[in-house]
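Colleague: For reference, the chains in residue letters:
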Amino acid sequence: MKLITAVVKPHRLDEIKEALQAFGVQGLTVTEASGYGRQRGHTEVYRGAEYTVDLVPKIRIEVLVEDDDADQLVDVVVKAARTGKIGDGKVWAVPVETAVRVRTGERGPDAL
Amino acid sequence: MNGTDTGFVLISAALVMLMTPGLALFYGGMVRSKSVLNMLMMSFISLGIVSILWVLYGHSLAFSGSGSFIGNFDLIGLKGVKPDSTMLNFAGHKISLFSFSLFQMLFAVITAALMSGALADRVKFSAWMIFIGVWVTVVYFPVAHWVWGGGWLAQLHPAVIDFAGGTAVHINAGVGALAAVLVVGKRIGFKKDPMRPHNLPLVLLGTALLWFGWFGFNAGSELGVDGTTGLMAYNTQIATAAAMIGWLIYERIRHGAFTTLGACSGAVAGLVAITPSGGNVNAFGALLIGVVAGAVCSWAVSLKYKLGFDDSLDVVGVHMVGGILGTLMVGFLAINGAGGFDQFVSQAIGAGSVIGYTFVVTYVLALVIEKTIGFRAAEDDELTGVDQSQHAETAYDFTSAAGAHMVSSAAVTPTPRTTQGSDAAAKKVEA
Chain X
1 MKLITAVVKP HRLDEIKEAL QAFGVQGLTV TEASGYGRQR GHTEVYRGAE
51 YTVDLVPKIR IEVLVEDDDA DQLVDVVVKA ARTGKIGDGK VWAVPVETAV
101 RVRTGERGPD AL
Chain L
1 MNGTDTGFVL ISAALVMLMT PGLALFYGGM VRSKSVLNML MMSFISLGIV
51 SILWVLYGHS LAFSGSGSFI GNFDLIGLKG VKPDSTMLNF AGHKISLFSF
101 SLFQMLFAVI TAALMSGALA DRVKFSAWMI FIGVWVTVVY FPVAHWVWGG
151 GWLAQLHPAV IDFAGGTAVH INAGVGALAA VLVVGKRIGF KKDPMRPHNL
201 PLVLLGTALL WFGWFGFNAG SELGVDGTTG LMAYNTQIAT AAAMIGWLIY
251 ERIRHGAFTT LGACSGAVAG LVAITPSGGN VNAFGALLIG VVAGAVCSWA
301 VSLKYKLGFD DSLDVVGVHM VGGILGTLMV GFLAINGAGG FDQFVSQAIG
351 AGSVIGYTFV VTYVLALVIE KTIGFRAAED DELTGVDQSQ HAETAYDFTS
401 AAGAHMVSSA AVTPTPRTTQ GSDAAAKKVE A
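Each protein sequence line maps, in turn, to chains X and L. If you're matching positions, the first sequence starts at 1 in the working numbering and goes up one per residue. If you're matching positions, the second sequence starts at 1 in the working numbering and goes up one per residue.
So here's chain X without its partners, still in its complex pose:
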């Protein structure tokens, strides 16, 4: 199994969700996140005092998939998340040792 994590622009969430559903993904986890990459942040002005806001709001999506699907699914997420402008985010995959469905106790790929 693999854990695919995507940290992307918040307004791409719906597109990514739809693309994942079309692919057949059963569930996912979404958290609000903040951070920066090469685009850095932006500047805000309050009564003339300029603040650099370097942590920009992002959304973090996590999906567990079987090994064979991982590469293809990464591409699906990347395609749905892309706007072509700086700050689109990152997607990565890491191996997962085990997964358990809490209700039934099923383990491994059966738990997905």
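A portion of the hints provided could be inaccurate.
[Stated by the list, open to error] Interface residues of chain L toward chain X, partial, derived using beta-carbon atoms under 8 angstroms:
(1) R196
(2) I253
(3) R254
(4) A257
(5) D314
[What the hints assert, rightly or not] BS3-like, lysine-lysine: derived pairs with alpha carbons at most 30 angstroms apart:
(6) L:K34 / X:K9
(7) X:K17 / X:K90
(8) L:K192 / X:K9
(9) L:K371 / L:K192
(10) L:K82 / L:K94
(11) X:K2 / X:K85
[Stated by the list, open to error] From the derived model, a few chain X residues whose C-beta atoms are all more than 10 angstroms from chain L:
(12) K17
(13) V45
(14) R47
(15) G48
(16) A49
(17) T52
(18) V53
(19) R60
(20) R82
(21) T83
(22) R101
(23) R103
(24) E106
(25) A111
(26) L112
None of these hints come from the bench; they were simulated from the model. In this text, a Cβ means the ideal position worked out from N, Cα and C, and glycines have one as well.
Go by the hints and put chain L onto chain X.
Modeller: Relative to the frame of chain X, chain L by itself:
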């Protein structure tokens, strides 16, 4: 007793009352979320403390007797004042003394509250309560007497024009704030950490309440209904509008954007500047005062960074500077032949005397509080946030929708508290 005039003064008093919670929201939105409740309370508590002091001796010190520096004790506790007691307003009509006293009481309340913005995030609430109680006694009541109670500024020739409180309220609060800030010192992280406003919609709501209430503050100061009342209300609106635009234009040129905070700040600067002047200028004068106040205050709020005093929410830059502008400009712009060099000199004496007196007395007062009980909150308390350390509360529940898992059962048991402030927050709650 004139029913129309008395009724108008009572309605105006209610409008002025709304300004203090409006100010609380205006300031509260501008601080960080860890100290918003403290900011709200610093204003709101003034309604409690100053109202009581006003009826005990404030009214008497400000408006009883004909001393040039301060009133007398004849009206302590409004002794002998009955429902049918009256006084004469400017038009010579009899109005209820209770209605006048209530109206003036709420002026004292908001003047003390105005200073709180300069001390955001970092003072002990107990010390603040003592500070405003003593401050209204030794600063506000005498100065109100100078200007409105027949004191020495009213006896100048020509008398100082301060229609609704440019000197007694705004310069007074602005200078008091400056003196207190110089004693209390900067917030930890001033000029280094980002301290951006946590809720600008709250700031706009507060601005709207202030603007609304200010019609009572300004027009109500005529203490009756006549042509001047209408003029004052009208000028209040257009000067505020002009100041909002003035601030935004300066800001767009200097910083590149029309900000919400700028629009709100400009409006307040305009309200401040038209306060002393609006009853004595025509519409053109009001527009000029407004636009100048907006642009100049927009520049003045950056001075704290250059000069290095942490007037956190710009009480000095908006209220002191705006108050001085309005007070001085009416010297030349006053209609009906009043404006001119002599009037300007009186205005300058009025502004200068309040600046001098208030600065010295407030500085000494703040210093005495700092050296005895301590004005400033402990460093840990300031870093954690004065909401927690001073009030044992936080404004917002940042836990997720089903946040109940954060609350332990011990915490919902009502617990008698024997200590207060930082001590209480630091101790474990004993059920």
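Colleague: For each hint, tell me whether it holds in the structure or not.
Modeller: Evaluation of the provided hints:
Because the closest C-beta pair between R196 (chain L) and chain X is about 5 angstroms apart, less than 8 angstroms, the hint holds. With its C-beta approaching chain X no nearer than about 12 angstroms, I253 (chain L) sits outside the 8 angstroms limit, and its interface hint is violated. Below 8 angstroms, beta-carbon pairs count as interface contacts, and R254 (chain L) has one with chain X at about 7 angstroms; its hint therefore holds. The criterion of a C-beta within 8 angstroms of any C-beta in chain X is met by A257 (chain L), whose closest approach is roughly 6 angstroms, and the hint holds.
Nearest Cβ of chain X to the Cβ of D314 (chain L): about 6 angstroms, under the 8 angstroms cut. The hint holds. With a CA separation close to 28 angstroms, the supplied pair K34 (chain L) and K9 (chain X) stays within the 30 angstroms bound. Note on K17 (chain X) and K90 (chain X): the hinted pairing holds, with a Cα-Cα distance of about 16 angstroms set against a maximum of 30 angstroms. Between K192 (chain L) and K9 (chain X) the alpha-carbon distance is near 29 angstroms, which keeps this suggested pair within the 30 angstroms criterion.
Distance hint between K371 (chain L) and K192 (chain L) is fulfilled; the C-alpha atoms sit about 28 angstroms from each other, no more than 30 angstroms. For the proposed pair K82 (chain L) and K94 (chain L), the alpha carbon gap of about 14 angstroms is at most 30 angstroms, so the pair holds. Our distance criterion of 30 angstroms between C-alpha atoms is met by K2 (chain X) and K85 (chain X), whose separation comes to about 28 angstroms. Once the 10 angstroms rule is applied to beta carbons, K17 (chain X) is consistent with being away from chain L; the minimum gap is 19 angstroms.
Consistency note on V45 (chain X): stated as away from chain L, yet its beta-carbon is not over 10 angstroms from all of that chain's, at 5 angstroms minimum. For R47 (chain X), the shortest C-beta to C-beta distance to chain L comes to about 5 angstroms, within the 10 angstroms cut-off, and the non-interface label is violated. The non-interface label for G48 (chain X) is inconsistent with chain L: the shortest C-beta to C-beta separation is roughly 5 angstroms, within 10 angstroms. The beta carbon of A49 (chain X) sits about 7 angstroms from the closest Cβ of chain L, which is not more than 10 angstroms, so the claim that it is off the interface is violated.
A beta-carbon of chain L comes within 10 angstroms of the beta-carbon of T52 (chain X); the shortest separation is about 8 angstroms. For V53 (chain X), the condition that its CB be more than 10 angstroms from all CB atoms of chain L is violated, with the nearest at approximately 8 angstroms. Distance check on R60 (chain X): its Cβ is at least 15 angstroms (rounded) from any Cβ of chain L, clearing the 10 angstroms threshold; non-interface status holds. With 10 angstroms as the threshold on Cβ separation, the claim that R82 (chain X) sits away from chain L holds: the shortest Cβ distance comes to roughly 30 angstroms.
Even its closest Cβ contact with chain L, about 24 angstroms, leaves T83 (chain X) beyond 10 angstroms, as expected for a residue assigned away from the interface. No beta-carbon of chain L is positioned within 10 angstroms of the beta-carbon of R101 (chain X); the least distance is around 22 angstroms. The Cβ of R103 (chain X) sits about 19 angstroms from the closest Cβ of chain L, beyond the 10 angstroms cut-off, so the non-interface label holds. Distance check for E106 (chain X) against chain L: the nearest CB is about 26 angstroms away, which clears 10 angstroms, and the non-interface claim stands.
With a least beta-carbon separation of about 24 angstroms from chain L, A111 (chain X) lies farther than 10 angstroms from that chain, consistent with its non-interface assignment. Every C-beta of chain L lies more than 10 angstroms from that of L112 (chain X), the closest at about 25 angstroms, which supports listing it as non-interface.
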